[in-house]
Each structure stands twice: as C-alpha cells, then as structure tokens.
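2 protein chains.
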Amino acid sequence: MAAPRRIDVVLDSVKRLLRIGATANLLNLLQKQHPADLAQIFGSLLDTERQAVFSILVERNPRLAMETVSEMGPEPGALLLATRSAEEIARQLQELPSDDAAALIDYLPEELSREVLEMMRRRESGQVESLLEYGEQTAGRIMNPSVFALNEDLTVGESITALQNSRDVEMVFYLYVVDARNHLVGVTSLRRLLLVSPETPLKRIMTPALISARVDTDQEEVARQVASYNLLAVPVVDEENKLVGVITVDDVIDVIKDEATEDLYRLAGVSGDERIGTPPFEALRKRLPWLGVNLGTAFVAASVVALFEDTISRVTALAVFMPVVAGMGGNAAMQTLTVIVRGLALGELSWGNARKALLKETLIGLGSGLTLGVAAAGVAWATKQDPMLGLILAMAMVCNMLVATVAGTLVPLGLKALKIDPALASSVFITMFTDVVGFASFLGFATIFIRYLTP
Amino acid sequence: MAAPRRIDVVLDSVKRLLRIGATANLLNLLQKQHPADLAQIFGSLLDTERQAVFSILVERNPRLAMETVSEMGPEPGALLLATRSAEEIARQLQELPSDDAAALIDYLPEELSREVLEMMRRRESGQVESLLEYGEQTAGRIMNPSVFALNEDLTVGESITALQNSRDVEMVFYLYVVDARNHLVGVTSLRRLLLVSPETPLKRIMTPALISARVDTDQEEVARQVASYNLLAVPVVDEENKLVGVITVDDVIDVIKDEATEDLYRLAGVSGDERIGTPPFEALRKRLPWLGVNLGTAFVAASVVALFEDTISRVTALAVFMPVVAGMGGNAAMQTLTVIVRGLALGELSWGNARKALLKETLIGLGSGLTLGVAAAGVAWATKQDPMLGLILAMAMVCNMLVATVAGTLVPLGLKALKIDPALASSVFITMFTDVVGFASFLGFATIFIRYLTP
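Protein chains in written order, with numbering that gives the first Met the number 0: chain A, 0 to 454; chain B, 0 to 454.
In isolation and in its complexed conformation, chain A is listed as follows:
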C-alpha cells in the first residue's frame, strides 16, 4: 500500500471532481471504470459523496450504476439503493440479471422491498420473485434462471444456428441438452460442436449430464463440486429434474470467499455479514451477544479462582503466574481449533481420519506443554527463587495444554455431529475450558503443595 494504487488515484479524482461540481468530467471518468473498481471506489467514499456520485451515474448510465451497486455486495448495495424511491428502484433493477436483482431486494428494508416487488410484478418480472422463494444460501437463490438449453432432437448444425440467434446469453461454457419436457439429459460444448459435421444428431455427441445441483442444494455444496471437479458452471434442476437455471464459476468464487470470511469471523465471534462499512451501532449490536456470552464464561473461570482465594492470600506470587497458564492453554487451543475447523470446512477431516487427528493433537499438547512448561518453570524459579513454584507451573501447563489440544479437537467434532456450526460455538467453550482447567490445575497443585511454597 506504499505506492498509490491506480484505484486510489481514481478515487481522489472522483472526490475532487465532485467537490468542484465538474459533473461532465466526473461522468466521463466513471464511465471508463469497470463496475468492480467502481464498487470499491464507492465503498471508500463518504455516505453523502456516494449518494451524489450514484445520482449522477444512474441518470446517465443506469446499467453501469446498477452493475456497480450489484458488485458492492447485497448489503451495502441495498443500503445505497434504499435512498431512492420504490418506483425508481423497480425500474433500475431491470438492468440486472434476475439473481443479482433478487439478492439486492432481499436486503432492502422490508416495506420498501415489498413495494418494489409489487411494482416489478406489474412489469411482469416474475423471475426475480420466484428466485426469492428459494431458501437462503441454496442453489435456487444464487442461480441465473436464464440458461441456454438445446433440444436433444436437434442436429449440430441446428444447434449452432440456435446459438447464433441467442443474443442475451452472457457466458456459454457448457451447452445443456434437454428433452421435449425440459428435463436435463446431457451436456456438450461449443468446441465439440465444431469438431463434427453439421448433420450429426446432438444426442450422438452429448455426454449424459452427471453433475447437477437441485434448487435446494446448499450453496456451499455447489461451491465444493465446482472447485473439486474444476467446473465452469453447474446446471440447476428442480425436483422433477427439469432444467431451471445455471450457477457459473464467478458466483461460486463469491460463495467461497463469503464462506471463508464466515469461518474466520465465527471463530472470533463476529457476525458473518459485518463489513468494514457496517455502521458502528449496528456492529456493536451484533458483537455484544458474543462478548456477553464470553463475560459469562469469564465469570465461571473467575469462580474457580475464588475457590482458591485462601491459597492466593498465602502465596500472592500465584496470582502473578496464574494468567500465564490459562493464556498459554488458550493459545494452544486456538491453534488446534483453527486446524480442525478449517479441515472440516475444506472436507479434509472426516470421521475416517478423526482418530488420527486426535492422536496428533494429543502428542502436540503433550510436547508443547513439556517444552514450554520447563521454560516457564525456569523463569519462575529465576525470578521468585522458588523451585517448587516452577515445578507447579510446569505441571499445570502440561495439564492445561493437553486439555487444550484434546478439547480443541473434540469440541468442534462434537458440534459438527450435533449439526451446529463448529466455527460458531467452539471458541467460547474452549476458552472456558482452558481458563477453568488452567486456574484449577495451577491453584489446585499449589494448594496441595502449599507447605513447600515460599509465602
């Protein structure tokens, strides 16, 4: 970020042109940008600037304006759109493919979204509505219903003509073949059409369609299919195997990024839809419940310490090293947890190799507990001139790091078995475990061996 990126230069120019009111120049500059870049520029503008720039752009180049809104992502995009009237939103949304329009409508304030849908219905845009009927995060919701399909009774020559006449299809990777009642029966490619003579029946060169998603398939599952089989698109069918849409690889990339963000966020207790631009009070409202739960578990750990107040009052040096034991357990647990949660998300960890993973983590817990326990004991001995304090610290660290890595493996696996997202709840449990075991073992050993400790 040391040298200014091209996009930052454009951003500065946008701000400057807006300030001096050079609308024509501003429009000219905006129209030279890709919607994805404009989306990023919009994200860096102040709210008032963003609305002003959007107003200028939407009037002169509604398609580019709406593509930009769509690239911003559904939540910030809807926030920007919501500043316009329902009637205008309904009109402008027609510039977008229906899956993108549906995603935006979904995030509009409830009443506005109902009004917009009502207006769009009058304009007969039924596609958007029907997309919104599918569950969130399903294939049906993210698919593009404009899918190009060929009838199985066509010849190759007729297929090419059909393709030449279809102007609106944005990206044709695979050519899907359907029967007379629109059931998906096969797939072929443009390139294969070119390799045979025009009279060849399509049926002869198509491959049976083996991979497809159903409208209710989870989007994460679709993403996994596309990624592992290196596909460019997946056809989407309904319960009767009728072809109703297509999910392309660019949508899948968005899903993969969103799911990765979600996992990362959940481990830290941040709501999946919080972004840099989320307003402070909304973000606070979303973060407080997690912090509240953590406060509860912190008090559980504190109540363990309270059991040993008498011991601490006799050897106050214990209060100094007590957080070291708990903290190191927490660090070791987070390492394990991260590896396990990511392994589950990437499909690399299953019941088949869970036992092996547990053994590995047990060994790591033991190994790191011994290594760091000895190091910590040395420091305690040297600073407090009390070898016994060092020994107790080492024993407690071995216990706690062992518990940390074992719990770090078993808790997410257990949550997964209970069909609870392991990324979501694991770290709360784990922190409580490592705090409780850390305090209990260190102060417990100290209580047992108190007569050998220097007061």
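Treat the hints as calculated values from the structure; they're not laboratory data.
Built from N, CA and C at the ideal position, the CB exists for glycine as well.
Keep in mind that a hint or two might mislead.
[To be verified] Some chain A residues flagged as far from chain B (calculated, every beta-carbon gap over 10 Å): (1) Gly-134; (2) Glu-239; (3) Lys-241.
[What the hints assert, rightly or not] Heads up, simulated EDC-like pairs for lysine to aspartate or glutamate below, C-alpha to C-alpha not over 20 Å straight-line: (4) B:Lys-256 / A:Asp-217; (5) A:Lys-355 / B:Glu-48; (6) B:Lys-355 / A:Glu-74; (7) A:Lys-418 / A:Glu-258; (8) A:Lys-256 / B:Glu-220; (9) A:Lys-418 / B:Asp-7.
Since the structure of chain A is already known, use the hints to place chain B on it.
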C-alpha cells in the same frame, strides 16, 4: 456428517477390498471415481494403505493415479510420490500438465527433486524446469504454459480450422490473438467466431487484450483480478509482452482457498502449510515458535501483575476478577482484528476509509466497555458485597476494551504499512496489549482506591 456420505462408503469399500486383496475389484472401483474424490479418499487412508492403493493404481492407470496425486495438493502429493524411485517419478510426472508437475517437484525432498529434474531434462521436458524458475506464488509459477493462440493475420474460418486441429487444449474459454513475434495483441471468443462469416479477418472482431498478468505478478493479485472482473482465464506475458501462458479460473479458486486458509491460520499462529495430515512432530515444530513468543508476552503481562503483588495480598478478591478484565479485552480485540485483517485482505479497507474504521471501532470499544463493564460490576457487587470493587472493575473494562478495539485497528494497519503481513503478527501484539492494559488498569485503580475496598 450424520448420514454416511457417498465418499465414506467408497472409502470403506477401498479399505475392505485392499485388506482381502481383491485387486481387480479395487482397481475397478477406483477407476469409477473422479480424481478429486480419490484425492480425498487417499487423504483418509493410513500411510501404508495409501501407498498400497497408489501402487496398484499407478501401474494400471498412471494418468488417473497422477491426477489424484496432483489433486491431493503439492505437499501431501509429493510425500506420496517420494516413496517411488526418481526414474519412475520422472516418467509418471509426464502424465500431468507442466504447472501441476512443477508444483509437485517443488515439494519433493531436495536431492530427489534434483534427480527427477535431471531425468526429465534428458526427456526434454524443459517446460517444467522453466516454470520452477519463476518466484513462488507468482503468476509464472501457477500458469499453464500450453496456451492456445491465434495469429492476428488469420481469418475467422482459418481460426476455426486451427482450433479443430488442436487436440490437446483442455479448456478454451478465450482465444488469445498474437502478432508474428508472439506479442499478445487481442482476445476473442469461440462464440464470437460463430457469429460472423468465415472470411472476416480475425483482427476485425478481436478486442484489444487489456487485462493480462506478468510472469512476476503475485498470484493473489491475479486471483483478485479474476474474481472482481468475473474472468475465466487471464493470459500471462513476459517482460516483452510475449504470451507465455494462461491461468484458468480453477487455479484461481485454489489460490483463493489457500489465501483464506493462510489468513485464518496466521491469526491463530498456525503455519500456512499445516494440514490435517501433517505428522505430529512436524506440526509441533511449526507451532512451538508461536507459542514461545506468546509465552514471552505472557511473562511481560505477568510482570505487570507482579508490580501489584502488595495490593493483591491486601485484597485477594482482585485476583479473582483480574482475568475477567484481561480476557474481555482479548475477545473484543480479536473481533476488531478479524474484521480489519479480512477487510485488508478483501481490499475493502484502504487508507481512504481507515479513519472511518478507527472511529467505528472506538465507538464499539466504548459502547461494549460501558455495557459489559456495568454488567460485570453488578456481578462483582452481588458476589463480593463490595460496590467499590464493582466500580473499579467497570472502569478497568471500559479502559481495556477501548484500548482493545483501537489497538485492534491500528496494529494491523501499522504492520501493513511496514509491509509485514497483518494477519501474522497482530494477535501476539494485541494479546500482550490487552493483558498488560487489563492488569495495569484494574490493579492500578485498585491501588489508588485501596482504602475504600473491603479487604
């Protein structure tokens, strides 16, 4: 994971057939699987099983065997390959595209990798070697050097013929157009070729190639281009703008997943290349340095507590609530850190909106500190019958959560400015900050107001 997945059923059959020595049936079953599924099955086998299954498969279907190795990912793939002789590895690697072969060779033990390259050189497989000359994580390293290009002087009809004659091109999304000296000059698509008459000169229908990567472009930058512009492939050129390769969207998906894993891992102090299958002692060796650094910072925090031993000896209840303050600061800081680090990675946070993000996090720190501080004060008052202890707890929590969110914003931004990966080092600094400030503020306030506290 409650109902057995198809892949787990296949895994069980593979294990069973291997155990009873039914090689023909086993081979039959293996050959019906996609390489991506086989890779996952291989990952769940014991080491000895995996080597046995690989031996069977590589003998009868070397291409499928090697595609499976490649799908396993370079590190585990190379580990499996390393059990064979250099001569066999060199021979089998020719089943793979040269980018995939290069990735595997890179992870072989050094001596073996040199031998394999020596043997491949004799077979004139210079492509693999030249790929390995590009820096790690650059476009040159991950590109496929077999790129299909058309000369700008061809007509559309001649182009289609050229395409029909090229058998080896795996996926043709875009047709790149080059001049007589192989400089990249334009791009077109198969579909566009079909929309015009065969006599049309290619030059007339091509679009100037605006987006390309240089061999030394960072792979993350390439991934960002592909994702934001919704591309299926990016042409790669050398310093003289000569077309030397292509990076397809399936490679980009791998990069995106790896980078997300890396960010997630770094926040928890796990090395980017650790996987579920990494052997315990190797994993321990990789995790210890991070834990060691954390032990150091834990002692820094402990030394702060040591300053207040006298205060604690007078009011031992302080030792009970002290970890609550530090821990809650740590939780709040991790939330902020995660949002900031991910925002930087996704390009949503830049210098342009950094000030806004800081203001947001400051408000969140203040808001959550006040809310939770009051709640914690209530609990402390109720359990210890000491309102002053509650007040001190609340004040310390406000201080610490404010510091947590501000440091959680500034530390990663600062590291980014110093060109250090913010995901890597931030959480160590932040934990130290929140521990030190947590202990110092709570025990500090307690020392100031000690005369009002119940001993």
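(message) Hint by hint, where does the structure go against what was stated? Just the numbers, ascending.
(response) Violated: none.
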